[in-house]
Amino acid sequence: MTTSPTRPRWLTFDCYGTLIQWDEGLLDCVRDLLQRKGNTDLDVARFIAVYDRHEHRLEQTPPHRSFADISRASMSLTLEELGMAFEPDDGERLIRRIGQMPPFPEVVATLQWLKTQGFMLCIVSNTDDDIIAGNVAQLGGCIDRVITAQQAQAYKPDHRLFLHAHALLGVGIDDVLHICASPHLDLEAAKGMGFRCVWIDRGTQRKPLPDYTPDATLPDLANVPDYLRSQGWVNE
1 MTTSPTRPRW
11 LTFDCYGTLI
21 QWDEGLLDCV
31 RDLLQRKGNT
41 DLDVARFIAV
51 YDRHEHRLEQ
61 TPPHRSFADI
71 SRASMSLTLE
81 ELGMAFEPDD
91 GERLIRRIGQ
101 MPPFPEVVAT
111 LQWLKTQGFM
121 LCIVSNTDDD
131 IIAGNVAQLG
141 GCIDRVITAQ
151 QAQAYKPDHR
161 LFLHAHALLG
171 VGIDDVLHIC
181 ASPHLDLEAA
191 KGMGFRCVWI
201 DRGTQRKPLP
211 DYTPDATLPD
221 LANVPDYLRS
231 QGWVNE
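Heads up: the sequence shown begins at 1 in the UniProt record's numbering, then just goes up one per residue.
Treat the hints as calculated values from the structure; they're not laboratory data. For clarity, every value in this text was computed on a predicted model and none was experimentally measured. Treat each hint with caution, since some may be false.
As the list claims (entries may be wrong) - So the derived label-pair ranges between C-beta atoms look like this:
1. Arg57 - Arg145: 22 to 32 Å
2. Gly83 - Ile173: 42 to 52 Å
3. Tyr227 - Gly38: 43 to 53 Å
4. Pro210 - Asp41: 30 to 40 Å
5. Asp226 - Met193: 25 to 35 Å
6. Gly118 - Asp41: 45 to 55 Å
7. Asn223 - Glu24: 35 to 45 Å
8. Gly38 - Gly118: 52 to 62 Å
9. Arg96 - His64: 20 to 30 Å
10. Arg9 - Asp130: 38 to 48 Å
11. Asp89 - Ile173: 41 to 51 Å
12. Pro105 - Gly134: 15 to 25 Å
13. Asp201 - Ser66: 26 to 36 Å
We put the beta carbon where it would ideally sit given N, CA and C, even for glycine.
Whenever a hint applies, use it, and build me the whole structure from the sequences.
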């Protein structure tokens, strides 16, 4: 955990699972897919676990591929592993669904409050520009910058994505507070790079890293204002 007392100039956010309802949207997408495949007896959680394994491996396998291509390949490999036929539309349905996933109920109001306090807000996300555009459009015009794996040509937890983001924002690690829901992607990068980090633990059973303690652990974004107040970083 870092100890810098300075007020961050920028708040950076993971998108999916932090601002946007990733798990909920993915569950709905997989249920629809299995119904179309006539395989409703398959455990949805098992499908998602297999899909996640393929996606994370492909993200870290050179050469860099777009998130859309990785999503298509991960869907194909998952269906093959689970004994189902892959059709091209299976991947396209998933990609379309991602951009339509809505924010959590408290997110827009919290982002609006953060803007009134003078914070600059940036998303740093493992995705493509055109996919995330649909999600950002639902965030009330509060986001100042969106930096993606497509732009950096690197996926979290690779430090290059965060280094690219910090360079574009013109900041050092003491100028940023990162807010995220993913232990194995964002917290892993925070541990290695030393930037301040708040973990949003929404009760999804994701486990914290055993050798890293974030600056704060909060149940949702609605608790971020109180954390910032506790640090003396707001002027109400």
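Evaluation of the provided hints:
Taken as a hint, the range 22 to 32 Å holds for the pair Arg57 and Arg145, whose Cβ atoms sit roughly 29 Å apart. Roughly 47 Å separates the CB atoms of Gly83 and Ile173, a value that falls within the hinted 42 to 52 Å. For Tyr227 and Gly38, the hinted distance range of 43 to 53 Å is satisfied, since their beta carbons lie about 47 Å from each other. A hinted range of 30 to 40 Å holds for the C-beta pair Pro210 and Asp41, which are about 35 Å apart.
Separated by about 26 Å at the C-beta atoms, Asp226 and Met193 satisfy the suggested range of 25 to 35 Å. Range check, Gly118 to Asp41: Cβ separation about 53 Å, and the 45 to 55 Å hint holds. Between Asn223 and Glu24 the beta carbons are some 20 Å apart, a value that contradicts the proposed interval 35 to 45 Å. At roughly 54 Å, the beta-carbon separation of Gly38 and Gly118 lies within the given 52 to 62 Å, and the hint holds.
A hinted range of 20 to 30 Å for the beta carbons of Arg96 and His64 is consistent with their spacing of about 23 Å. Checked against the hint of 38 to 48 Å, the pair Arg9 and Asp130 fails, with Cβ atoms roughly 28 Å apart. With their beta carbons about 43 Å apart, Asp89 and Ile173 fall inside the hinted range of 41 to 51 Å. Here the CB-CB span from Pro105 to Gly134 is close to 18 Å, well matched to the stated 15 to 25 Å.
Taking the beta carbon of each, Asp201 and Ser66 are about 30 Å apart, inside 26 to 36 Å as hinted.
Violated hints, listed in ascending order, are 7 and 10; each of the other numbered hints is respected by the structure.
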